[in-house]
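Engineer: For the record, the sequence lines run as chains A and B.
Going by full-length UniProt numbering, the first sequence opens with residue 1, and the numbers climb by one from there.
Going by full-length UniProt numbering, the second sequence opens with residue 1, and the numbers climb by one from there.
In short, the hints are calculated from the structure, not lab data.
Positions of the beta carbon are idealized from the N, C-alpha and C atoms, including for glycine.
One or more of the hints may lead you astray.
[What the hints assert, rightly or not] Quick list of simulated restraints, FRET-style, between CB atoms:
id, chain 1, residue 1, chain 2, residue 2, range
1, A, E143, B, N343, 29 to 35 Å
2, A, A32, B, E351, 49 to 55 Å
3, B, L390, A, R194, 55 to 61 Å
4, A, K121, B, S402, 39 to 45 Å
5, B, T20, A, E63, 49 to 55 Å
6, B, E351, A, K121, 28 to 34 Å
7, A, P98, B, L390, 27 to 33 Å
8, B, G429, A, K121, 43 to 49 Å
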Amino acid sequence: MDSVVLKQVSKTYRLDAIGVPALTDINLEIRASRFTVISGASGSGKTTLLNLIGCIDKPDGGEIVVAGQPVQRLSDDALSDFRARHIGFIFQNFNLLPVLTAYENVEYPLLLTRTPAAERKERVENLLAAVGLANKAGNRPGELSGGERQRVAIARALAPAPRLVLADEPTANLDSHTGQTILALMRQMQREHRVSFVISSHDPQVQAEADDAVKIRDGRVVAIERLEDRGAQR
Amino acid sequence: MKTFAIATRNLLRNRRRSLTTLLAMILGVQTVLLFGGYSRNITYGLQTGFVQVGGHLQIQRQGYFLYGAGNPAVYGIADYEKIVAAVKRDPELAPMLTVVTPSLQLGGIAGNFAAGVSRTVFARGTVVEDQIFMRLWNDYGFPGTQRRLALANTGPDAAVIGTGVARVLQLCEPLQVKNCPQPEAAESSSKPLPADIAALAAQESKPSNTPTGGARIELLAASARGAPNVAALNVIKAENQNVKELDDVFVALHLAQAQRLVYGADTPRVTAIGVQLKHTRQIPAAKARLDRLLTEQFKDQPLEVLDFETLNPFYGQTIGLFATIFGFIAVLIGAIVLFTVSNTMSTAVVERTTEIGTLRAIGLRRSGIRRLFMCEGLMLGAIGAVLGVLIAMAIAAIINRSGLTWTPPGREAVPLAIYVWGELRLLFGAVIGVIVVAVLSAWWPARRAAGMNIVEALRHV
Numbered sequence: 001m002d003s004v005v006l007k008q009v010s011k012t013y014r015l016d017a018i019g020v021p022a023l024t025d026i027n028l029e030i031r032a033s034r035f036t037v038i039s040g041a042s043g044s045g046k047t048t049l050l051n052l053i054g055c056i057d058k059p060d061g062g063e064i065v066v067a068g069q070p071v072q073r074l075s076d077d078a079l080s081d082f083r084a085r086h087i088g089f090i091f092q093n094f095n096l097l098p099v100l101t102a103y104e105n106v107e108y109p110l111l112l113t114r115t116p117a118a119e120r121k122e123r124v125e126n127l128l129a130a131v132g133l134a135n136k137a138g139n140r141p142g143e144l145s146g147g148e149r150q151r152v153a154i155a156r157a158l159a160p161a162p163r164l165v166l167a168d169e170p171t172a173n174l175d176s177h178t179g180q181t182i183l184a185l186m187r188q189m190q191r192e193h194r195v196s197f198v199i200s201s202h203d204p205q206v207q208a209e210a211d212d213a214v215k216i217r218d219g220r221v222v223a224i225e226r227l228e229d230r231g232a233q234r
Numbered sequence: 001m002k003t004f005a006i007a008t009r010n011l012l013r014n015r016r017r018s019l020t021t022l023l024a025m026i027l028g029v030q031t032v033l034l035f036g037g038y039s040r041n042i043t044y045g046l047q048t049g050f051v052q053v054g055g056h057l058q059i060q061r062q063g064y065f066l067y068g069a070g071n072p073a074v075y076g077i078a079d080y081e082k083i084v085a086a087v088k089r090d091p092e093l094a095p096m097l098t099v100v101t102p103s104l105q106l107g108g109i110a111g112n113f114a115a116g117v118s119r120t121v122f123a124r125g126t127v128v129e130d131q132i133f134m135r136l137w138n139d140y141g142f143p144g145t146q147r148r149l150a151l152a153n154t155g156p157d158a159a160v161i162g163t164g165v166a167r168v169l170q171l172c173e174p175l176q177v178k179n180c181p182q183p184e185a186a187e188s189s190s191k192p193l194p195a196d197i198a199a200l201a202a203q204e205s206k207p208s209n210t211p212t213g214g215a216r217i218e219l220l221a222a223s224a225r226g227a228p229n230v231a232a233l234n235v236i237k238a239e240n241q242n243v244k245e246l247d248d249v250f251v252a253l254h255l256a257q258a259q260r261l262v263y264g265a266d267t268p269r270v271t272a273i274g275v276q277l278k279h280t281r282q283i284p285a286a287k288a289r290l291d292r293l294l295t296e297q298f299k300d301q302p303l304e305v306l307d308f309e310t311l312n313p314f315y316g317q318t319i320g321l322f323a324t325i326f327g328f329i330a331v332l333i334g335a336i337v338l339f340t341v342s343n344t345m346s347t348a349v350v351e352r353t354t355e356i357g358t359l360r361a362i363g364l365r366r367s368g369i370r371r372l373f374m375c376e377g378l379m380l381g382a383i384g385a386v387l388g389v390l391i392a393m394a395i396a397a398i399i400n401r402s403g404l405t406w407t408p409p410g411r412e413a414v415p416l417a418i419y420v421w422g423e424l425r426l427l428f429g430a431v432i433g434v435i436v437v438a439v440l441s442a443w444w445p446a447r448r449a450a451g452m453n454i455v456e457a458l459r460h461v
């Protein structure tokens, strides 16, 4: 089953009285357990598409199904619960809660899903170990480097065992070496946890790692390349 | 758990802002408590004064309070000694009582005929031994010792007058009243007295000054039979009553003397039976029992029981005045706390917009965001209230030990005491009030935070 299905999805932003189309007639299937990269120039609509898939924004038209659930008719609370259980987020600026330690940041989504304490502890410790930060569990984000913060963000995104992890330009604020490391980590996590990663990026390194590559221009999907197709071409 | 932990850490994150907000709340709580404690001091001071003189309750003949001052003979209580005895031995009342004592109030004219001056006065005859006991009542623990009752251990014709009476009757010198200006001799427009009358007056003026340094006055009053009666009184002291209107008419004398003046050889009566209780809170129970007792055992004469608040309207007016000022201050302080906390929370919401977007994105409901900010408001309110209470108690303790005094109406100077410790209603009111105001202040910013669009919040720089 596809992880995400978008049918005839469109989104227009209002700039004062003027409507600015961000996405037009998007038809897209994001396959389960794949590393999908959405690429395109700045302003092409990558982030808007990611926001719609992540259920933090609503389309003006069309239909979105995430993890088998049509999400448009869900109430705000139901959408919040849905995101907490099924969708992980990795942000360009890491967006960790500065008052919480690395451990607590990873633990937070599990508190929202009311995961039992013992299971929570085991899962957080495993994830922090998996991203190589077991020894920095007690550090707050201000005491971590950019790369370390993004590792914590990856662990947090994976904490509730979501069906889908969305990453918006996850390497944009990192140097190329750290970016490469983070990319490798995300790829490793995606494979180990068999979860769908959808990444918006114009970083060629990230695009090269994609199972499925979605190219978007002026709010329209202009190309979808599947790994098997690309393999055939190669 | 996490909500409180995050709220606490967020408050610590902006220490300076949190401290400023706390300071505003602490000052607010302190102001409310110290003023509340001060007004309690006024209330208790006045109450103590009234209770020490007249008791908590008075049994009077019906109508005396409104009309009897002009005719004590008609409104006198017959068989008052039986009533006093019945009250004292009543098993329900006895455990509540400290003193039950009769008194007789009358209006009259006091004259110093040697000086050719007189004035209307308001005289009160009391049982001095009972009055001494009544003045020991100090349920609120006012520091200091009670002034000695001047009539104690004096002869049956002894009297104490107000310094205003002494001034008008030109008795300041023999009574050694300080700061008592005497008028220059007024020019008499009348003809000189006949020689025999002048000689009689001169003779009368000689004993005016008693050997003990006091003075003699004559007190003229209407007797029960309607005829004028005169009592010669030995004034042993002039005491300042602190309220000019009272000081200018005050005469205190022994009950027996007052009764002789009004009732002569007839069976003496009194105008009131004062009932002093151990505690003011016993008034409703004692009054109810007294009403039953009087109805059951003394139904032959119409009697009523009045409490000290009814008898002294000034007490209620003063409490009302202070309650109004207290309410005004509390509202003002509440408004300041409201705007301070609201401003702090609004700033926090703006600063943490991206965090709000992140929390919403990873699945926290709108109600969770609202709860988080209201929790911060609640904690600010609770911490501010507790610190405010502690500091107010410390300041009150310092003031109470400073030796400052104030003079309640009708009483001598008493030590200034701020009642905060033990005033549970005041304390809980201030604490709950500040917490409620703080939570209400946080409500609007919290609502705004919860209503944020997630995408816009995440875009916030």
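Engineer: None of the hints should be skipped; say for each whether it holds.
Structural biologist: Against the structure, the hints come out as follows:
1. The hint said 29 to 35 Å for the Cβ distance between E143(A) and N343(B), and at roughly 31 Å that hint holds.
2. At about 39 Å, the CB distance of A32(A) to E351(B) disagrees with the hint of 49 to 55 Å.
3. For the pair L390(B) and R194(A), the supplied restraint of 55 to 61 Å holds, since their beta-carbon distance comes to about 58 Å.
4. Taking 39 to 45 Å as the suggested C-beta distance range, the pair K121(A) and S402(B) does not conform, at roughly 57 Å.
5. For T20(B) and E63(A), the hinted distance range of 49 to 55 Å is satisfied, since their beta carbons lie about 51 Å from each other.
6. Checked against the hint of 28 to 34 Å, the C-beta distance between E351(B) and K121(A) comes to roughly 32 Å, which is consistent with it.
7. Between P98(A) and L390(B) the CB atoms are about 31 Å apart, so this pair conforms to the stated range of 27 to 33 Å.
8. Take G429(B) and K121(A): their Cβ atoms lie about 44 Å apart, and the range 43 to 49 Å holds.
Hint compliance for this structure: hints 2, 4 are not met, and every other hint is.
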